[in-house]
Amino acid sequence: MSEVIQNEKVIVFQLKDEEYGVPIEHVGSIERMQGITRVPRAPRFVKGVMNLRGVITPIIDLRERFNLEQEEYTESTRIIIVTIGDQSVGMIVDAANDVVDVPQNQIEPSPEVVGSVSADYIKGVAKIGQRLLVLLNLDKVLSEEEFDHLSKVKS
Amino acid sequence: MESNQYLDIFIDESKENLQVVNDELLNLEKDSTNLAIVDEIFRAAHTLKGMAATMGYEDLSDLTHKMENVLDAIRQEQIAVTTEVMDVLLDSVEYLEHMITDIAEGGTGAKEVDTIVTKLKAIESGETVQDPASETTVTHSVSNALSIDQFERTVLQQAKSDGQFIYQIKVALSEDCLLKVARVYMIFEVLEQSGEVIKSVPTVDALENEEFDQHFDLILVSSESSEDLKAKILKVSEVSQVDVDPFDFESSSPKADVKEEISATVEHSTSSSQQTEESDEPKKAAGNKTIRVNIERLDALMNLFEEMVIDRGRLEQISEELDHSDLKGTVERISRISGDLQNTILTMRMVPIDQVFNRFPRMVRQLTRDLGKKIDMQIEGAETELDRTVIDEIGDPLVHLIRNAVDHGVETPEERQQAGKDGQGQLLLKAFHSGNHVFVQIKDDGKGINQEKVLAKAIENGVITDEQSSTLTGKQINELILESGFSTAQEVSDISGRGVGLDVVKSTIESLGGSIEIESELGQGTTFTIQLPLTLSIISVMLVVIENETYAIPLSSIIETAVIKKSEIMKAHNKEVIDFRGNIVPLVDLKEVFEVPSEKQTGDEFYSVVVVRKGDQMAGLVVDSFIGQQEIVLKGLGNYLSNIFAISGATILGNGEVALIVDSNALIK
Numbered sequence: 001m002s003e004v005i006q007n008e009k010v011i012v013f014q015l016k017d018e019e020y021g022v023p024i025e026h027v028g029s030i031e032r033m034q035g036i037t038r039v040p041r042a043p044r045f046v047k048g049v050m051n052l053r054g055v056i057t058p059i060i061d062l063r064e065r066f067n068l069e070q071e072e073y074t075e076s077t078r079i080i081i082v083t084i085g086d087q088s089v090g091m092i093v094d095a096a097n098d099v100v101d102v103p104q105n106q107i108e109p110s111p112e113v114v115g116s117v118s119a120d121y122i123k124g125v126a127k128i129g130q131r132l133l134v135l136l137n138l139d140k141v142l143s144e145e146e147f148d149h150l151s152k153v154k155s
Numbered sequence: 001m002e003s004n005q006y007l008d009i010f011i012d013e014s015k016e017n018l019q020v021v022n023d024e025l026l027n028l029e030k031d032s033t034n035l036a037i038v039d040e041i042f043r044a045a046h047t048l049k050g051m052a053a054t055m056g057y058e059d060l061s062d063l064t065h066k067m068e069n070v071l072d073a074i075r076q077e078q079i080a081v082t083t084e085v086m087d088v089l090l091d092s093v094e095y096l097e098h099m100i101t102d103i104a105e106g107g108t109g110a111k112e113v114d115t116i117v118t119k120l121k122a123i124e125s126g127e128t129v130q131d132p133a134s135e136t137t138v139t140h141s142v143s144n145a146l147s148i149d150q151f152e153r154t155v156l157q158q159a160k161s162d163g164q165f166i167y168q169i170k171v172a173l174s175e176d177c178l179l180k181v182a183r184v185y186m187i188f189e190v191l192e193q194s195g196e197v198i199k200s201v202p203t204v205d206a207l208e209n210e211e212f213d214q215h216f217d218l219i220l221v222s223s224e225s226s227e228d229l230k231a232k233i234l235k236v237s238e239v240s241q242v243d244v245d246p247f248d249f250e251s252s253s254p255k256a257d258v259k260e261e262i263s264a265t266v267e268h269s270t271s272s273s274q275q276t277e278e279s280d281e282p283k284k285a286a287g288n289k290t291i292r293v294n295i296e297r298l299d300a301l302m303n304l305f306e307e308m309v310i311d312r313g314r315l316e317q318i319s320e321e322l323d324h325s326d327l328k329g330t331v332e333r334i335s336r337i338s339g340d341l342q343n344t345i346l347t348m349r350m351v352p353i354d355q356v357f358n359r360f361p362r363m364v365r366q367l368t369r370d371l372g373k374k375i376d377m378q379i380e381g382a383e384t385e386l387d388r389t390v391i392d393e394i395g396d397p398l399v400h401l402i403r404n405a406v407d408h409g410v411e412t413p414e415e416r417q418q419a420g421k422d423g424q425g426q427l428l429l430k431a432f433h434s435g436n437h438v439f440v441q442i443k444d445d446g447k448g449i450n451q452e453k454v455l456a457k458a459i460e461n462g463v464i465t466d467e468q469s470s471t472l473t474g475k476q477i478n479e480l481i482l483e484s485g486f487s488t489a490q491e492v493s494d495i496s497g498r499g500v501g502l503d504v505v506k507s508t509i510e511s512l513g514g515s516i517e518i519e520s521e522l523g524q525g526t527t528f529t530i531q532l533p534l535t536l537s538i539i540s541v542m543l544v545v546i547e548n549e550t551y552a553i554p555l556s557s558i559i560e561t562a563v564i565k566k567s568e569i570m571k572a573h574n575k576e577v578i579d580f581r582g583n584i585v586p587l588v589d590l591k592e593v594f595e596v597p598s599e600k601q602t603g604d605e606f607y608s609v610v611v612v613r614k615g616d617q618m619a620g621l622v623v624d625s626f627i628g629q630q631e632i633v634l635k636g637l638g639n640y641l642s643n644i645f646a647i648s649g650a651t652i653l654g655n656g657e658v659a660l661i662v663d664s665n666a667l668i669k
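These protein sequence lines are chains A and B, in that order. Position 60 of the first sequence, counting from 1, maps to 60 under full-length UniProt numbering, and the rest follow consecutively. Position 236 of the second sequence, counting from 1, maps to 236 under full-length UniProt numbering, and the rest follow consecutively.
Bound conformation, chain A alone (with noise of 0.2 Å):
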């Protein structure tokens, strides 16, 4: 009997040059920048929330999230409605452009090191072809503990 393969499909989004993958059966739907009414004294990284088809959602800022350099919204840019458990909320990033398969024989564990994000937010790394895939762990992109500590570590 032959290995079966299991494939995991991801949707891919850019953020700064990189490339990066979450598990399709978290993502809501993906939408365009609109507006946000800004949360006071709420973490650094939440944007603030916006009104979702009747539902307020909050919106977190992936590049502010991985400590990227700020850049002008887009064209391209997009907000990824991801749900986790009983929380729904959007995530800003540069551009969603694909959909793909990830054989998960093609998963490595995370290196140390990649780029500037910190090694816990990521599940594995994934190369398809010639494009290397940051598979998000979104339970640890949410939560706030994890901004606390980093935000303590670099005090």
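Derived by calculation from the structure, the hints in this document are not laboratory data. Since the structure is predicted, the reported quantities are computational estimates derived from the model, not experimental observations. Be aware that one or more of the hints could be misleading.
Claimed, not checked - Among the chain B residues that face chain A by a calculated CB cut under 7 Å, a handful are: (1) E307; (2) V577; (3) F580; (4) E592; (5) F594; (6) L634; (7) G638; (8) N643; (9) I644; (10) A650; (11) G656; (12) V658.
Think of the CB as a built atom: it goes at the ideal place given N, C-alpha and C, for glycine as much as any other residue.
Given the structure of chain A, go ahead and fit chain B onto it with the hints provided.
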């Protein structure tokens, strides 16, 4: 499982029946000779038992059965209603409650009932030993098909004195009968020509729904002879057997052989028919027709309506911009209709506060016994209605306050007599509507709040400083007991003062958008008044602008808005304050609090101020400008952003933008 679809109904009705048992038991204790109350308890307990047995919850039906035995002994006046008996009965109710809760949470309802069953048995046998035989027959006749209640008994007595015969008729349809309902109908028609059917088991409703096997029993009042009746019934086809016997209701112990069999076969339908009767009774009495609606559907309706409110806001805005008179008229009409609709939907979600209140009498009874106090508890306005969301939250704070009143408020009988008061304390729980709010009062005639002690304690625990203490009003001192880190109980007792203070009560009530006030007179008693909003989902707000951002301030906390000259602002303690109608009111600059990115330096001559209050305290919130008043739908920020300072939620405005709702309570210290 097939019975799953009935589970919800079972749980609902069991709770109702148990509540009846509970309430009536408490009534019985006050009026122990009134056997009508026992009947009432009995009926509810019996329905409960029947349903539990049908659903297969054996422990539940067992325990109820044992309770029934004791109740029956009381009804037969074999046992006196003593405090000990009541204790055990109420304990049993508590056990039953646990079981039902367990079932509701997906459990099996199994529970260790041996101890309580033993106690019940002890009561039952302890007093009924002299007459064990009658005891057993009575128990049987209870689950028996043809037991008659007092009303029926009176009717029968009446009939008998009129010289009519009373028959007990047992009809069996043939096994292969297909149209049982039709046969039943025909039999009834025949009988009603000859006399009057007083009772049927199963009930007529159940019979019409074909909820019986092959047999049913009737009690008939008629002037005809039993042979004639029998012949008439047998004329109906597919009737296999008819027994017509005189019915002796006085002894109420009919022939056991027939009965046994029936009670076994019709147990299910008896109980279900009884329960329909029961649930119908109060409704008929009220003259209303009601239906049970799943709360989720109401929530869905509310959500849809909330969407509509948002679009209504949007329509209003568009019609303003377009300035078209027909459109304006139509939009106005829509606004008015949706306003009415909102009221209707809100009232649909209202439930009587009795749902919360009804558990208190037993609690108070238990507490008073544990503490050796005497308290007469009165409940007023239990029919006052509140939104379900508020009801769900208000229970725990009330429990806390009532425990507090019983433990710390009302004195022991000796202390009371020394103070020249009646040995029995009074505790009043009262709910009433006023404006857009519901008030709940807990009033005791106990020793009141000792302000000197409170002050000393507050200073000792660092709640306030010495200097502050001299400036406080009596009311403010009373309210110190609501502060965190405060507890006046000299020693920590089991009832209250277990470390969690009244501050939890205060914060819960405030999180519901309500407030709490205390009035107290030393030696005379204490009154806690809780003010609650009618609903939590749609509120009136004042929209204000700060730079480019729009915020909503709940109208319920606003006293008024004012425009103040810069020169009128004074400084105290390095803080900006204003003189507002004789009160010194501190100013809170929302721009600073909310860290609003500011481009221009404000050189305005005038400040726009919203004066808000929390209890007796006020604050002036400085904003850039006012937009106006609007009805908005309160939405949460979601789990992800749960603890944002001074923001209680968000709403979607007419233009689709999100505005944050200011929690002014958090801004007043």
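**Q.** E592 of chain B as an interface hint toward chain A, with CB separation required under 7 Å
**A.** violated (10 Å)
Q. Given I644 of chain B was flagged as interface, is its beta-carbon under 7 Å from a beta-carbon of chain A?
A. holds (6 Å)
Q: Return the status of the interface hint for G656 of chain B: holds when the least beta-carbon distance to chain A is below 7 Å, violated otherwise.
A: OK, holds: G656 of chain B within 7 Å of chain A, min 6 Å.
Q: Against chain A, run the beta carbon of V658 of chain B and see if the smallest gap drops under 7 Å.
A: holds (4 Å)
Q | Satisfaction of the G638 of chain B interface hint, Cβ to chain A closer than 7 Å | A | Holds: closest Cβ of chain A sits about 6 Å from G638 of chain B, inside 7 Å.
(Q) A closest beta-carbon separation below 7 Å is what the hint needs, so does A650 of chain B meet it against chain A? (A) Since the shortest Cβ distance to chain A is 5 Å, the answer is holds.
Q) Taking the closest Cβ pair, is F580 of chain B under 7 Å from chain A? A) violated (26 Å)
Q) Per the CB criterion, is N643 of chain B less than 7 Å away from chain A? A) violated (10 Å)
**Q.** Hint validity - V577 of chain B Cβ closer than 7 Å to any chain A Cβ
**A.** violated (24 Å)
Q | L634 of chain B as chain A interface residue, shortest Cβ-Cβ below 7 Å | A | Violated - the Cβ of L634 of chain B stays beyond 7 Å from chain A, reaching only about 10 Å at its closest.
Q) Minimum Cβ distance from E307 of chain B to chain A below 7 Å? A) Nearest chain A Cβ about 6 Å off; hint holds.
Q | Status of the hint placing F594 of chain B at chain A (closest C-beta pair under 7 Å) | A | Nearest chain A Cβ about 4 Å off; hint holds.
Checked against the numbered hints above, the structure breaks hints 2, 3, 4, 6 and 8 and satisfies the rest.
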